[in-house]
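Let chain A serve as the given structure and place chain B on it in line with the hints.
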Amino acid sequence: MNKKDHHKTFVYPTAFHSRTSRLNQMQACHRWKDYLVADVYEDVALEYFAMRNSTGVFDLCPMTKHKITGPDALEFLNRMLTRDVSKLKPGRVSYCVWCDDEGQVIDDGTVFHMRPGEYMLCSQERQLDWLSISALGFEVTITEPTHELAALAVQGPTSCSVLRRMGLNDIQNLKPFGITWFDFQGSELMVSRTGFTGDLGYEVWIEVSKAEALWDALFAAGKEYGIRPIGTHALEMTRIEAGFIQAGVDFLPADEAVRPGRTRSPFELGLSWLVDFKKPNFTGRKALLEEKEKGSRYNFVKLDIAGNKPARDAFIYNSKKQVVGTVTSAIWSPTAKANIALASLHAPWGKPGDELYAEIYYQRELKWSRVMARATVVEGAFFDPERKKVTPALDF
Amino acid sequence: MTDNKVIIVGGGHNGLVCAAYLAKAGRKVTVLEAADQVGGAAVTREFAPGYQVSACAHLLFMLDKNISSGLGLEKHGLKLAAADMETVSLSQTGEHLFLSGHEARGGDLSAADVARLKQFNARMIKFADVLRKVYKGRPPRLVSHWQELKALAKLGLAVRGMGREDMREFLRIAGINIYDVLQEQFDSEMLKGALAWDAVLGGHLGPRSNNSVLNYLHRLTGDVDGKRGAMASVRGGMGGVTAALAKAAEAAGAEIRTSALVSRIIVENGIATGVELDRGEKLIASTVVSNADPRTTFMHLVGLKHLEAGVALQVRNIRSRGSVAKLHLALDSLPRFAGLDEKALGGRLLISPSLVELEQAFDFSKYGEISESPMMEITLPTVHDDSLAPGGKHVLSALVQYAPYKLKQGWESGRAELLQRAMAVLERYAPGIGGTVLHSEVLSPADIEREFRIAGGHWHHGEFALDQFMMTRPIHGSAQYATPLPGLFLCGAGAHPGGGVMGSAGRNAANEIIARGDGA
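Sequence lines, in order, name chains A and B. At position 206 of the first sequence the residue is numbered 628 (the working numbering), and the sequence of numbers has no breaks. At position 88 of the second sequence the residue is numbered 261 (the working numbering), and the sequence of numbers has no breaks.
Isolated chain A (complex conformation) (with noise of 0.2 Å):
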């Protein structure tokens, strides 16, 4: 598509859409970064368990995708992430975040060590604005070339079996967060194993004009293996599932917040871990060291809710009736078999032990109740399978 037509169309279509269009019963769509993509094709149930017990297939295509290269790249990296991109290898991938100079979390992502020094920057939000700001004073070529690469998350227990079968061999050696390349009719496959379902599952990147044709390998292969497309329903379930955080729910990407006090720095993310002050300097290092001397603002905790109501926006109250913090997400996890939440609370609140309560308006045949239900802070993500992450990946 022609860049500078883009405002005479409404909506893209994603690569796959000539398939997902087919399959789409429900006709239920919303934008994801002018794209299309489908909330559910035909049961979020059936969607959901495909993943957990099968494969599902959730098109990527709007995921947004920024490539860097030239002699700076990993220095540029080193100084927009938080964590230590120097120790990530060639055909590794590692989960990261970035901020602006307060130290308050832009957007979350994937990158990508492709080849030496080729790397990939993928971030459900479009960042090139930010990566362009971040690029002064460095030689590096960043591009973004999200509509021309065309992507699929493959997940779900049979997703190495169904690539197996598709031709991929070998695929079952891949460990997670590695890289790996296939020919496929004649045109590069990228296969890294990733994904946001905290299950066994890789997600596969190919130029556009071979979209359709990887589509049709990939269900023709997994057939026999209960394959599925998903759509963002059903993920929205196996993320949460997975403790996993996401832009504009769980916290507000830093550069879009307009009030004070609004954005989260990675330590009130519960991502401490990303954060590396061994390097001399990244954007936000001034503040987050500050931060971390002083103490944080907030909490980012995984709660375990009594009852089966989910608390869906819920307040959550200390024992002395104060509310300490709201709840960013929420489901019954039909896995777990748990009433799971992620939230943000006011620190010192969120401590293992803590003495919580999650306050839930659900209805019953159009009657509305409250209920005060006992929240229980815990470590450690509500599902982990051993699946995820053994090498040699099992074969279902």
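Hints are supplied without guarantee of correctness; some may be wrong.
[Unchecked claim] In the EDC-like style, the derived pairs of lysine to aspartate or glutamate whose C-alpha atoms are separated by at most 16 Å in a straight line are:
1) B:Lys478 with A:Glu561
2) A:Lys724 with A:Glu777
3) B:Lys516 with B:Asp257
4) B:Lys478 with A:Asp494
5) B:Lys478 with A:Glu497
6) A:Lys700 with A:Glu712
7) A:Lys701 with B:Glu441
8) A:Lys700 with B:Glu441
9) B:Lys581 with B:Glu545
Everything labelled a hint here was simulated from the structure, so no lab data went into it.
Okay, now just chain B, sitting in the frame of chain A:
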């Protein structure tokens, strides 16, 4: 390993002032100047065999009295060739306007204008006094710390202390343009044109641009021997100021090295630890002070990669595109302006006949062109000072506006065109001047950038404007001389209180370093 040393990058007047104060406080200071003599933009040099000129700034009107007496500059050789110079606003028909202090005569002045000028001047000086108060130290930060709040309260009190009516007027005009203010006050086009010159000199702005009143007040903070708004010519040119400063600094124990071009400020583990010279020599210091402009300092000497991204963006966005060119002429004889005697030639001669013509001259630079009829501030230093040219010969030094840094046609060909346009203008006021020119030199903003190592060729190391003023000069978070890079300070005109040969930035920076116990 440190040598507990302060290194000052650049031996301009602020760098030398800073060096002198730090040395007086017992710091071990080394000044590194790239050129073969100190002075920066306050320097005298030969522009044609036997002819010397103040190569950049050419008049002295803002040097802080406390600095000149505190450092004993007279004792160290500073001598004025002329003080309290008259301003002559030239007329092509010989009906020139003369301005001296509160007095005005000639031109198209009305009696009412003469009276109003006194009131206007008195009020403007009162307003400028508010700035003078905050120029004495570091600007306050907008944080809830008692020291900062005290400084802010002092500023508020200074404004409030003017009395209700003046306070209202100050707040009304401080952020607006000089055109509107002068139109309210005066009838005489020549008077308005002449006054507006001082509101736009050196910046990328015309009389109708906002911030022009601020620039006017900034200039009025200066004095010569206590006389506000006065101007002086320095014996031996502006290099006389910096030569005296260098002597004062050396007398206090500072070491000054010339022909020592700093190629980079060394950053180790996020701290400025010294400098590297262009020949590879490395010097270690516990404190590095940069007299270079902020863009040169951060972008070229430090490197933006050593700053956080938001800071780097602010640095990139500092507005510092020069709009003034310098014209130097070696003359066989004094130029003859109709109706002007030789004594008047010792004053400051202005070609800024009206607000409209000044604004129209600016219009060209907005679009990257040289003014068709450039405006000028002319001095003939040889009228007072025989040390600058061979006997009987003269030197003309003129500031020519407007000459945009980013000239569409480029400055290689632009230089000749500017010279031709400037000479055409001069010829209209002093017919025959062209025939007396022995040598000429034009310094475009691009030349000024190269010769004086000022990014954008901007005299003030960054436009003087409300968004680059006090706590945001040069950028937010770097306004109190300490920069976001530990170990690095700024002491030049890009820092508070700004441009003009004042020395205040250098002294304030030294005080800040001393107060923090750095470089000890």
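So, going through the hints one by one against the coordinates:
A threshold of 16 Å between alpha carbons decides the hint, and for Lys478 (chain B) with Glu561 (chain A) the separation of about 10 Å falls inside it, so the pair holds. The suggested pairing of Lys724 (chain A) with Glu777 (chain A) holds, with an alpha-carbon distance near 14 Å, which does not exceed 16 Å. Proximity of Lys516 (chain B) to Asp257 (chain B) is assessed by CA-CA distance (about 13 Å); at most 16 Å being required, the pair is judged to hold. Under the criterion of a C-alpha separation no larger than 16 Å, the hint pairing Lys478 (chain B) with Asp494 (chain A) is consistent with the structure, at around 10 Å.
The suggested pairing of Lys478 (chain B) with Glu497 (chain A) holds, with an alpha-carbon distance near 8 Å, which does not exceed 16 Å. For a cut-off of 16 Å, the pair hint linking Lys700 (chain A) to Glu712 (chain A) stands: about 15 Å separates their Cα positions. Using a Cα cut-off of 16 Å, the hinted pair Lys701 (chain A) and Glu441 (chain B) holds, with the two alpha carbons roughly 11 Å apart. Our distance criterion of 16 Å between C-alpha atoms is met by Lys700 (chain A) and Glu441 (chain B), whose separation comes to about 13 Å.
About 14 Å separates the Cα atoms of Lys581 (chain B) and Glu545 (chain B), which keeps this hinted pair within 16 Å; it holds.
Comparing the model with each earlier hint shows no violations; every hint is respected.
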